[in-house]
Every structure is written in structure tokens, then in C-alpha cells.
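Participant: The hints should help you fit chain W onto chain G, whose structure is shown.
Heads up: the protein sequence lines correspond to chains G and W, in order. Read in order, the letters of the first sequence are residues 591 to 835 in our numbering. Read in order, the letters of the second sequence are residues 9 to 264 in our numbering.
Quick caveat, the hints were computed from the structure, so don't treat them as lab data. All figures in this text were calculated on a predicted structure; none of them were measured in a lab. Be careful, since some hints might not be right.
Covered stretches of chain W (chain G as the covering partner; in silico rule of three or more C-beta atoms under 8 Å from a C-beta of chain G) [stated by the list, open to error]:
| no. | stretch |
| --- | --- |
| 1 | 149-158 |
| 2 | 235-249 |
Interface residues of chain W toward chain G, partial, derived using beta-carbon atoms under 8 Å [unchecked claim]:
| no. | residue |
| --- | --- |
| 3 | 41 |
| 4 | 107 |
| 5 | 122 |
| 6 | 229 |
| 7 | 230 |
| 8 | 231 |
| 9 | 232 |
Just so it is clear, CB atoms sit at the ideal spot from N, CA and C, and this is done for glycine as well.
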Amino acid sequence: MSGHTDMVLVDENGLRIDGRTAEQHRPFKIEAGVLNNADGSAYVEIGKNKVLAAVYGPRECHPRHLQDPTKAIVQCKYNMQSFSVSDRKRPGPDRRSIEISKIISEALEKVVLTELYPRASIDVYIEILQANAGTRCAGLTAASVALADAGIPMRDIVPALACGKADGHVLLDLNKEEDNYGQADVPIAIIPSTDEIVLLQMDGNMTREEFDRGIKMAVAGCHELHELQKDALKRRYSKKAQEGN
Amino acid sequence: MTEIMSEIKRDHMMKLIAEGKRLDGRGLTDVRNIEVLTDVIESADGSARVKLGKTEVIAGVKIIPGTPFPDTPNIGVLTTGAELIPMAHPTFEAGPPGEDAIELARVVDRGIRESGMVDVEALCIVPGEEVWMCFVDIYALDYDGNLFDAANLAAVCALKSATIPGEQYGKGENKPLPITCLPISITEVKVGNDLIVDPNFDEEQISTARLTVTTDDNGNFRAMQKGGRGSITLDELSLCLDRAVEKGAEIRKIIG
Numbered sequence: 591m592s593g594h595t596d597m598v599l600v601d602e603n604g605l606r607i608d609g610r611t612a613e614q615h616r617p618f619k620i621e622a623g624v625l626n627n628a629d630g631s632a633y634v635e636i637g638k639n640k641v642l643a644a645v646y647g648p649r650e651c652h653p654r655h656l657q658d659p660t661k662a663i664v665q666c667k668y669n670m671q672s673f674s675v676s677d678r679k680r681p682g683p684d685r686r687s688i689e690i691s692k693i694i695s696e697a698l699e700k701v702v703l704t705e706l707y708p709r710a711s712i713d714v715y716i717e718i719l720q721a722n723a724g725t726r727c728a729g730l731t732a733a734s735v736a737l738a739d740a741g742i743p744m745r746d747i748v749p750a751l752a753c754g755k756a757d758g759h760v761l762l763d764l765n766k767e768e769d770n771y772g773q774a775d776v777p778i779a780i781i782p783s784t785d786e787i788v789l790l791q792m793d794g795n796m797t798r799e800e801f802d803r804g805i806k807m808a809v810a811g812c813h814e815l816h817e818l819q820k821d822a823l824k825r826r827y828s829k830k831a832q833e834g835n
Numbered sequence: 009m010t011e012i013m014s015e016i017k018r019d020h021m022m023k024l025i026a027e028g029k030r031l032d033g034r035g036l037t038d039v040r041n042i043e044v045l046t047d048v049i050e051s052a053d054g055s056a057r058v059k060l061g062k063t064e065v066i067a068g069v070k071i072i073p074g075t076p077f078p079d080t081p082n083i084g085v086l087t088t089g090a091e092l093i094p095m096a097h098p099t100f101e102a103g104p105p106g107e108d109a110i111e112l113a114r115v116v117d118r119g120i121r122e123s124g125m126v127d128v129e130a131l132c133i134v135p136g137e138e139v140w141m142c143f144v145d146i147y148a149l150d151y152d153g154n155l156f157d158a159a160n161l162a163a164v165c166a167l168k169s170a171t172i173p174g175e176q177y178g179k180g181e182n183k184p185l186p187i188t189c190l191p192i193s194i195t196e197v198k199v200g201n202d203l204i205v206d207p208n209f210d211e212e213q214i215s216t217a218r219l220t221v222t223t224d225d226n227g228n229f230r231a232m233q234k235g236g237r238g239s240i241t242l243d244e245l246s247l248c249l250d251r252a253v254e255k256g257a258e259i260r261k262i263i264g
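Isolated chain G (complex conformation) (with noise of 0.2 Å):
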């Protein structure tokens, strides 16, 4: 967001860097039960966005302390990986790490049956291969098929995209160097059903007029996503149904 460059990231077509127009996506890619262990699970490429996403639950709650008689809590940890971005990351939580698993978890406590599993720890891990700008709601989208996949019941399935601005316009779902290199970016998470966002950040700088068409692209992209995450389960399971399990 504060870097400076001489690269034209939106030229005079209307075209992005990668092809894109202002208004379109970068490739999806979501698959559901990838992993053994965990209760369940969900791979997501939102362009060179690599991320899982695994859930654990509803299981005792620990630290105990947290624990809520009247409904469960969830607890994501965001992980990067060391090598997910181009200089090496240091492994372990860091602030902004910290700050994400907090948003990400507030996000899906909206959306969680928590009332069904009181003391109970529904606990979402998000791991992230490889970065490139969206980290967060391709991990949140991830979290969301995952906790489907364990079979957690829930209101809705959450997808979350970003908006933002480059070279002055105002663009859906940033790539790296847009960033870098642009003038905002607002990541939303919506419960697709009413609209209603989940999530929500913004940092740069935006007139209301940019953030209000921004926040309209984001909606319909953040609903094109939640089409692909249930056409995810639903390979899922009409493969789980062929196995006979």
C-alpha cells in the first residue's frame, strides 16, 4: 500500500497486469475433504493464493478457561508458511497473524450453530503455501468448506474477497503488485444468504464514491465464490456417497 513504482498495473484498456478487467477475479479453485485427520477440510487457489484449511471439532475446549457454558467458541490460528512469500517468513505468530485469526474467528462464530455445542472448542486451522495479496479471504473462504465438511452445522457458508484501488481505479480482488503498489484495499467476508458482512477491513485511501462500488463488486464476487464452495461439497459428497461411507 505505501510502495512507490513506475509499473502501470491498470493500462489505458482498462487491462491489469494480469489480463484482468477492473471487475473480474482471478481464478478460483476450491476443493473439499483434502485431508485425512482432520474432521474436515478444504484446499483454495484464489489465483497464486495456495491455502488449507482444516477443522478440529466441536472437541473439549482448551486453554479451559475459555470455555463458555452456554455455546462453543471457535478458534482459528492463520499460519503463513516460511516459504509462502518471497523473502523467508519467520515461523510462529506474529501481530498481524494474531490480528487475522482474531477477525477470521469473530467472522465464523457468526455463522456457527455455537449454541448446539456449549464448552466445546470448534478450532480452525488455516495454513497458508503460498501468498499472493488475499491471503486472509482465501483462508476464510477455505475455513468455511472445511467446517461444512466436519459437518458443523451452520447458517451459511462464508466467502470473502477484496476490493480495492490501483492507478486510481477501483479494482476486485488485488493481486500482489495492485497491493503493493496500489491505493487501498478492503477485504469483506458476506453470509451470502442476506448480505450481511462478516468481516471487514480497509486501509489506503478511498472516496465514498470508490468504496460503495468497490463494496458492490466485492458482494457479487463474494457470491460468485460461495457458488464454487458448494459445488466443492457437493463433489465431496457425491463421492463419499459412490464410496458408500
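Facilitator: Just chain W now, with coordinates in the frame of chain G:
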């Protein structure tokens, strides 16, 4: 940051808010009284003690020469930290910053950084070798809700009053820290189906979602953060943005 609240009090507060009233007599969009004292700590290069109603926060700035980051060799360094010390509330615990303190610091940091409040390019001493490093540290002293806006105000006022200590380090004259604008955050929480500005502790306890919106002098958006386990609708978001611009301009006048 949760405490047990009696159901009768909760119901009463919810009922009042649904009628457009609040337990402390404010309207839904009223910000509590703001008191700002700057230059309260001589050992800091800038400082401010801010009261937002009964919430009290202190912020101090330390500016020291250091090595720039390799990818930004001519640009000064700006970092913001926050601590929720046990003095400020019975639910705050000693030890390294937890996720609440980290989120608080990062949201305040984002508003200051993204608004370009501090002209970091003017903090270069020797290009590629030495720059001024500006550390803003925020401590909650007394917590009665809405630490986000109180911490933002304290950090902004401390930076605004800060001096680069050139003489202390033999790096030229002392001069004021170069400031370009005043980022102001406005935090609202959702209680029932209503949004209330500048929640106090009890109001935070009965809220489901929180939204902080930081604007610059032109009323453009510089940072946002949604928090809490609830959701907000697109219409509610729109209302929050309108209020952030309006209330932000009012507060900017008070501290300007």
C-alpha cells in the same frame, strides 16, 4: 473484556436504545466529553493524556535515530504499540500484549500510517543509512469502553505535539515532527438493530458487532475494522460511514 451483567439491566439498556435513548442520557450518535492534555511527560518526545468520558488513555512518542528498512532506505520508521495494563480494568491481565491489544494497536497504526499523518519521507537523516524512528506507545489507564477512539485520539495528539530531538543525538536542531493531517476514528457498535456511536463499557457488553472507521481531513476513508461476533448489513455500513465523516469532522475541530 467480558463481565457478567444482570438481565434486568441488559433488557433496560436494550429497550432504551430501541427508543433512541441511552442509559447515560446521550443520544445514539453522541460522543462523550473529550479532554486532551498534551506534553504531559517531559521524558517523551511527544505525549498526550486523553479522556473520552470515563475512559482514559496515555500515549507517548519516542523518536530515535536508527537504520532504515532495506526496501525503504530513505523513509523513516513509524510503529504503534498498545498495552491493556491490569491497572485499567479488572479483566486486563499482566503479560505480553494479547489479541485485543494487538488488534487495537494495529487499527490505530493503520489510521495513522494510511492517512500519511506523519511525513515519513522527511524523517530521513542520511539516505540509506540513518532515519528517525518514531515509536508511539499507548497505555489504557482507565477503561470504560471504546478504547479504539480514545487510543486513536491519544496517539494523534501525542504525534501532533512531538518534537524530533536532533540536539540530543547531535543530528541538527530540534524541530517539530512533520504532520500533514489528522486521522480521526469513529467507532460504533450494534445493539439490537441499532448502531450507537462511542459505546461505553456496558454498551460494549450488550453489543454484537463493532465497526471503526478512520477518516482524513478531506473526509476520505483511510482505515476500517469490523470486529465482534455479529454482522452488519450494507445499509448499516452506509450509515456508519456517514456518521464517521460527520463526527470525525466535529472531533477534528475540538483537537485541531
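Participant: Confirm or reject each hint.
Facilitator: Hint-by-hint comparison with the structure:
1. 149-158: violated (count 0)
2. 235-249: holds (count 11)
3. 41: violated, 29 Å
4. 107: Given a least distance of 5 Å, the restraint on residue 107 of chain W holds.
5. 122: holds, 5 Å
6. 229: holds, 5 Å
7. 230: For residue 230 of chain W, the interface hint holds, since the closest Cβ of chain G sits about 6 Å away, which is under 8 Å.
8. 231: Status holds, d = 5 Å.
9. 232: At 4 Å from the nearest chain G Cβ, residue 232 of chain W passes the 8 Å test, so the hint holds.
When the structure is compared with the earlier hints, violations turn up for hints 1, 3 and for no others.
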